[in-house]
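Peer 1: So the chains spell out like this:
There are 2 protein chains.
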Amino acid sequence: MANCLVAQSGGPTSVINATLAGVVKANQLNPIYTTVYGGLNGIEGILQERMVDLTNMSEDENRILRQTPSSALGSCRYKLKRTNIADFEKLIQVMEKYDIETLFYIGGNDSMDTVYALSEYAEKKGITNRRFVGCPKTVDNDLMVTDHCPGYASAAKFIATTALQTWLDFNVYTRQEVFVLETMGRDAGWLAASAALSGVVDLVVLPEIPFDKEVFLEEVRKSMAEKNKCYIVVSEGARYADGTYLAAAEAKNDGFGHAVLGGAANAIRDMILDSGASSRVKVQDLSTAQRCHATEQSLVDVEESFKLGMSAHMRSMDKAFTGQMVGVKRKPGADYDVEFFATAASNVANHVKNFPVEWALPNYRGVTQDAIDYMKPLIQGSPVVLMDGGLPAFVKPYYKR
Amino acid sequence: MANCLVAQSGGPTSVINATLAGVVKANQLNPIYTTVYGGLNGIEGILQERMVDLTNMSEDENRILRQTPSSALGSCRYKLKRTNIADFEKLIQVMEKYDIETLFYIGGNDSMDTVYALSEYAEKKGITNRRFVGCPKTVDNDLMVTDHCPGYASAAKFIATTALQTWLDFNVYTRQEVFVLETMGRDAGWLAASAALSGVVDLVVLPEIPFDKEVFLEEVRKSMAEKNKCYIVVSEGARYADGTYLAAAEAKNDGFGHAVLGGAANAIRDMILDSGASSRVKVQDLSTAQRCHATEQSLVDVEESFKLGMSAHMRSMDKAFTGQMVGVKRKPGADYDVEFFATAASNVANHVKNFPVEWALPNYRGVTQDAIDYMKPLIQGSPVVLMDGGLPAFVKPYYKR
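Protein chains in written order, with the working numbering: chain A, 1 to 401; chain B, 402 to 802.
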C-alpha cells in the first residue's frame, strides 16, 4: 500500500482544517493509505520534504482540529510555474521517495491550478501512479462550478453577526452618524453581501458594481434625512468604473516613501465628511479576524468542509481519479441539502465567480431575496466549541512542532 | 408604592443589558416598585420624559436581553453640570410627575458623577424621597473601588480569543511578518493587557508605560531575529513620555482640512517599516466590535452583571440608600468568587484606575503572572447563545419601538 499527502495553500479560513481532519478520519475508517502525511507550508514545504505523520491522529485531536482556524499545516503563496520543470521533477521525486500516491491539495484558485498543472505534467510524462486531488477553500467564495466554497459561510456568519452587533452599538446615541464596515473581497462581493443577512445594512458597495460617487452620496443623504443614521458595508475591492480602487484613491504617501493603503472604508468616510452628508463617520475594518474567527463557525460550513475531505479521500480509491476537485452541489428543493461531486480542476483554475450583479439592488440598497435565499442556509447552526481555561481549545500548528 | 427608573449612559458593552435585566427581574421577584420605567438615551431622554414600561418583561425577553449587546435603552454623552441647576430641577420634576423614587443609572465614570451630583443636590434641597443608585459598566475597567467592571471581561475574552485566532492566521506563511492588534483603552491598559491571556503575544504597549521608540524597536528586532515574526498589541491610548499619543503622531491631514486619526497600530506599523525591523506589517484595529461582541460573552461577566442589577434593586429597599454605587469585591482564596457591596458614588466619580505598572513586564514583554491571575477568572465560561435563523437572537432596542 502506498501513502497519501495532504497540504494547504493560500489564505486560511475558519474551517480549512476540517477538510484536513476529514481526509485523516476517512483513512482511519478505511485505511487505503498506509501513512497520511501532512505537508508543511504547501508546495513550498513539500519541495523541502517538510512533512508530519497524521495517520494515527486521535479522535480528540481530530475534533479540536476541526474547530481550529487557519491552516494547521501552514500555507504558502508559492505558485508552480509550468515553465519551471525543476519544481515538477522535484515534486515527483519527493512523492516517489515517500511512496506517495495521492496529493490532496486544499486551497483556492491558484491551488486548483497547481492540481491541474501537476496532473497534466504526470499525464504527459506517462506517470500513472502519482495523483492530484483538489479540495476547495476560500472565504471569498469565488471558485467556479462548486455551489459555494468551504470557509465562506463561517466568514459570512461572523460578518453578519458583527454587522448586527456594531449596528446596535452605533445606534445608541441620538447624534448624526454613519458607520462603515469593510470586508474582504478583492474581486468578488460575496463577503460584503453577506452583511446584508443581518437585516440592518442600509448600503452595500460591491466590487462588481462600478462605484458612482454622486449616486452613492445621494443615498447616504436620503438615509440621514430619514433617520440620522446610515450603516454601510463596503468590500475592500470596491472600485470606480475605470477600475481604480476606492482604497487606492485613499492611499497616502507617509513621507517616508511607502504608500499607506487607506482602505475602502476610509475612502468612503472621507467622501462623506467632505460632502457634508454626515459630520460623523465611524469605520470598522474586519481585516484578518473575519477569516479566522472560528469560535463562530457555521455548523453547515464546518460539517461540509469535513465531509468534503472525506469525500476526496474516498473518491481517490479510483486509480483514475486525478486532476479533479471535489465540489458541493446544492440539491433542488425547499430544504437545504447538498451532494458532493467532482469536476476537472481545470474548470476551476484561473476563473473567478463573481457575485451576480442581478442580485444587487439598485443604488447600493443591499441585495435581493435571491441572494438572501442563497446565503442564509449556509450560516445555519453553531457547533459546540470546546474550551480550555476560558479560551477556545485549538491544536498547536503542525509547523510549530 | 412608588416607581423606579433605569437608564444607561456612556459607551455600551456586551453585558450592560444584563444589569438592566437584573433590576427588572428583581422587581418581579419582589415588586417593591409598582412600575419599572426604562429611561431612553440616559439623562438626555429622561429630561424629555422619554420612557418605556419594563415592569412585566417576559422571562423570554429578559433572557434574550441579557445576551443583547449595547445599551437597549439607548445612551447619551450628556453630562449634568453642577452649574446648570435647571437640569437638576427638571429631573426632580420628572421624577415627581411619574412618582419615581429611585433612579438606577448604569454607566461609567461620568455616570457615577451624575449619581453623586444628583444625590448631593437632593440632600441639599432636603428631598428625601428621590434616590440615585449607580451600577458600573465599562469595557475599560477603569473604575475605582470595584474589583472590576461588568463589561470588561467579555471584551477581554473577545480580545484574547481574537489575538489567538489572528496569531494562528498570521503564522501560516514562512515570510517575515509583524502583526499589530489595536485595542480600546484611552487612559487605561486593561484591554490591551487582556490580549496576553492568549499566551501568544510578544509585545504589549500600554498607556501607563511611556513609549520609548528605540527600546521598543529593539524588542521587535529581537523577535524577528529569533523567529521572523512578532505579534504586538497596542492600546489606542499608547503615548510618549511627553503625553503625545502615538495615534496623534500618525494623524494626517487629508487635504480637505480635517485630520485623519491614524491610529496607534498604524503608527507602530510605520515606525517598524521605516526602521527596517520588518518589511511586512499587518494591522487589525478591533474598534467597535470589541465592546459589542456579545456572541462571545464571558459567563462570569454576564452573570455578575445581572446579579449586580438585582443587588442594586434589592439594596434600594433601604430608604437611606442613595448616592451609592454597587460594586464587586473579589473574595480571598484560590477559587474565584465575588461578593457585592456598595460604596459612595463620590469614591468612584472622576477617578481612573490604571493598569498597575508593576504588572507590566520590562521592555513591553507582556504582563506578569499577577496580571494573568487577576484577569483569567473573569473570562471563564460561555453562556448558551439563543439563535434565530443562523444569527444571535437580540431584543429590538427600546428606543426604536
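For the record, the hints were derived by calculation from the structure and aren't laboratory data.
One thing to keep in mind: the hints can contain errors.
These stretches of chain A come out as covered by chain B in the derived footprint (C-beta under 8 Å, 3 or more residues) [what the hints assert, rightly or not]:
1. 284-295
2. 320-330
3. 355-367
4. 384-398
Since the structure is predicted, the reported quantities are computational estimates derived from the model, not experimental observations.
Ideal Cβ positions, reconstructed from N, Cα and C, are used throughout, including at glycine.
Peer 1: So, for every hint listed, does it hold in this structure?
Peer 2: Verification of the hints:
no.	hint	in the structure
1	284-295	holds (count 11)
2	320-330	violated (count 0)
3	355-367	violated (count 0)
4	384-398	holds (count 8)
Hints 2 and 3 from the earlier list are contradicted by this structure; the remaining hints agree with it.
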